[in-house]
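A.B. asks: Sequence:
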Amino acid sequence: MVTDPVTAARAHRLRPLAEPHRTHVEASEQDVPLAVMFEGAMQPVAAVQDRWRIDDEWWREMPVSRMYWQVQLRSGRVLTVFRDLIGGTWWTQRY
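Just so you know, my numbering puts 2 at position 2 of the sequence shown, and the rest follows in order with no gaps.
Treat the hints as calculated values from the structure; they're not laboratory data. Incorrect hints may appear among the rest.
Pair ranges (Cβ atoms, derived) [to be verified]:
| id | residue 1 | residue 2 | range |
| --- | --- | --- | --- |
| 1 | D50 | E26 | 29 to 35 Å |
| 2 | M42 | M62 | 25 to 31 Å |
| 3 | G76 | V32 | 18 to 24 Å |
| 4 | G76 | D55 | 20 to 26 Å |
Glycine residues also receive a C-beta, built at the ideal position from the N, C-alpha and C atoms.
Let the sequences and hints guide you as you build the complete structure.
C.D. replies: Next up, the structure:
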């Protein structure tokens with residue numbers, strides 16, 4: 001059983017998990033990531049582990065259309081990067 005922490009919940013301190021951050025990606029002609037800006041330097045992609053596309057909220061003023069890649073950098077770090085297919089910008093998410 002969990003005891004009462006005697007601390008009120010603070011909804012104003014909530015923040016999204018894995019919030020995406022804009023980044024620079026060097027990509028092939030087919031938009032496959034070849035290198036990702038990570039920790040202040042371009043890091044080569046060693047392998048693409050997965051890819052998927054999300055098209056959502058098409059009925060809204062700002063629909064979502066993204067192509068995602070889960071990549072493993074040469075350093076071994078795994079990142080999820082996506083290209084916003086509407087704006088053309090690249091983003092990264094870390095878990």
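A.B. asks: Indicate, hint by hint, whether the structure satisfies it.
C.D. replies: A quick look at each hint next to the structure:
no., hint, in the structure
1, D50 - E26: 29 to 35 Å, "20 Å, violated"
2, M42 - M62: 25 to 31 Å, "30 Å, holds"
3, G76 - V32: 18 to 24 Å, "20 Å, holds"
4, G76 - D55: 20 to 26 Å, "32 Å, violated"
Checked against the numbered hints given earlier, the structure breaks hints 1 and 4 and satisfies all the rest.
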